[in-house]
Amino acid sequence: MDFQESLRMASRTLMANRLRTSLTMLGIIIGNASVITMIGIGQGAQRLAENEFESLGP
Numbered sequence: 024m025d026f027q028e029s030l031r032m033a034s035r036t037l038m039a040n041r042l043r044t045s046l047t048m049l050g051i052i053i054g055n056a057s058v059i060t061m062i063g064i065g066q067g068a069q070r071l072a073e074n075e076f077e078s079l080g081p
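To get this note's numbering, take the position in the sequence shown, counting from 1, and add 23.
Since the hints were made in silico from the structure, they are not lab data.
Just so you know, not all the hints are guaranteed correct.
Pair ranges (Cβ atoms, derived) [said to hold, decoys possible]:
| id | residue 1 | residue 2 | range |
| --- | --- | --- | --- |
| 1 | Q69 | L42 | 35 to 43 Å |
| 2 | E75 | T47 | 40 to 48 Å |
| 3 | E73 | M24 | 54 to 62 Å |
Positions of the beta carbon are idealized from the N, C-alpha and C atoms, including for glycine.
Could you put the whole structure together from the sequences, leaning on the hints where they help?
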């Protein structure tokens, strides 16, 4: 089996299972967005805490 045949087979399988493919892609997108959001919230909270500690003085 060569590479082009593998691509054709994968394409046919994805098109045959459109709902499963769409739900899988949606899950991956939501998962990635969740991780990125949580990292952003964590970094924002860290900066806020650092600023609060710095405002207390030496």
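Inset, instruction - If any of the earlier hints don't hold here, list their numbers in rising order. - result: As far as the earlier hints go, not one is violated by this structure.
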